[in-house]
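Q: Sequence:
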Amino acid sequence: LVPDLNSNLTIDFGFYACPSAFTFDPVNVCSGSNFDLTSAEPVNFPGGVWTLSNQVVANPTSVSAGTYTYNFNDGSCSANGSLIITDNVPDYTPTIQIAPSAITGASQVRVILSISEILNKEACSDLFILVPKLLPRYQFNYLSNATTIGGIAVNNGDWQFFENANPNFYIWKYTATNAVFPANGSSKIGYIGSYDPNNTDGQSTFSIQIFQGSGGETNQNNNTDSDLLIYFR
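If you count by the numbering used here, then the sequence shown holds residues 1 to 233, one letter each, in order.
Everything labelled a hint here was simulated from the structure, so no lab data went into it. Hints should not be assumed to be uniformly reliable.
[Stated by the list, open to error] Below, a list of computed lysine-lysine pairs in the BS3-like style, where the Cα atoms sit at most 30 Å apart: (1) K133 with K173; (2) K133 with K188; (3) K173 with K188.
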């Protein structure tokens, strides 16, 4: 038929092709947090029924980890799809590098701390790192906004430094990106200080550790690293 003057071909009558199945992106939730399944329902096919292990989900607005199936039925249109919700458990690993590795007499020593997330999971809580103090032999002035230390790019501005919160450790807390360390993220802290052998020969261990459980991680097998400084009088 040829449209007449009363036709409006810009109007959408709301007809949709019934899909063969629904596809949902996987969802990660932090421990103690829940997910609203209704927020994931297809825009043109809301109001279906969510099931878990073939049982109707009583409260789809607040669920934990599991594989949920969305079932939509309306007239001749019937389709379903599965949404996988997993626990969000990140894993952080630190490294520490000092330079130079050997000194004679009181000398400048650069320290670079690197922190990385390796499971593509963002932090679920505040992330803290600890560095044992080597006072009085090694002392430094921390530059909170430094972007390079000794020619190495760093991210000091991403962290809050607690110099005197603990008598045995220097402590840093990640504060960038709303204090959520990003999935697969990496950040560096750097500083330069003076190490005084105090007229002795020997070696000192510089080390770093992720504070247990911070960020929401549970794997403690890769939470420490160390580097050795050899010194001569």
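Q: All hints, please: hold or fail.
A: Quick rundown of the hints versus the structure:
Annotation: proposed proximity of K133 to K173 holds, straight-line Cα distance about 17 Å (limit 30 Å). Restraint check for K133 and K188: the C-alpha separation of about 19 Å stays at or below 30 Å, so the hint holds. For the proposed pair K173 and K188, the alpha carbon gap of about 12 Å is at most 30 Å, so the pair holds.
No hint from the list above goes unmet by this structure.
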